[in-house]
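Chain L is already provided as a structure; the job is to place chain F on it using the hints.
Protein chains: 2
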Amino acid sequence: MTFPPVPRFQARVLVSLRPSVLDPAGEATRAAAQRLGVDGITQLRIGKAMEVELEAADLDAARSQIERLSDRLLANPVIENWCLEQLKPVEGAGS
Amino acid sequence: MTFPPVPRFQARVLVSLRPSVLDPAGEATRAAAQRLGVDGITQLRIGKAMEVELEAADLDAARSQIERLSDRLLANPVIENWCLEQLKPVEGAGS
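If you read the sequences in order, they're chains L and F. The opening residue of the first sequence carries number 419 in the working numbering; numbering runs sequentially from there. The opening residue of the second sequence carries number 419 in the working numbering; numbering runs sequentially from there.
Careful, some of the hints might be misleading.
Note that identical chains are pooled: a pair holds if it fits in a single copy or bridges any two copies.
No more than 25 angstroms apart at the CA atoms, straight line, and that leaves these computed lysine to any residue pairs for SDA-like [claimed, not checked]: (1) LYS506 - THR447; (2) LYS506 - ASP478; (3) LYS466 - ALA449; (4) LYS506 - GLN452; (5) LYS506 - SER438.
None of these hints come from the bench; they were simulated from the model.
With the rest of the complex left out, here is chain L:
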């Protein structure tokens, strides 16, 4: 008896500081750009990009897992927003 392979998915979750939250690291990077001679940078904010691979029954189940993960672990809802930017099956998974 063989089980069918579990579908695999790839997701990208972007976590960014809320607009009202200051970003000193981003501002320091912007100032450094100017000193380096890269002109015209008016704003620079640094967020996180999480690349996640997961197994789930289908796309809806995968989305639901990612939402739980992001709400509970990846983002701090007091100062951060998150968005699921990409969710797609892994090519060739299970073949």
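Positioned in the frame of chain L, the structure of chain F alone reads:
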């Protein structure tokens, strides 16, 4: 005498660890997900997402500025890759 407004652009640069570089923070997050009861996460890697606003003469000039910025400041080429994921004019800029 009035000068025409300088076009403004919005860019997103993703900086990720090279595949050969270990990511202990990502691995710790993956393990924490499992303890939280979010099953099926097989890999999790944490990169940076830089949201940049800049002024440039046109789209090509903006791309060139972003490339200099990323090569020289945003990514550490020894352990990181970067890609320009998005570059678009800011709606309503100069109007």
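Quick rundown of the hints versus the structure:
1. LYS506 - THR447: between (33 angstroms within a copy, 21 angstroms between copies)
2. LYS506 - ASP478: within (11 angstroms within a copy, 31 angstroms between copies)
3. LYS466 - ALA449: both (20 angstroms within a copy, 18 angstroms between copies)
4. LYS506 - GLN452: Between copies only: 21 angstroms across, 38 angstroms inside.
5. LYS506 - SER438: between (32 angstroms within a copy, 23 angstroms between copies)
Of the numbered hints listed earlier, not one is contradicted by the structure.
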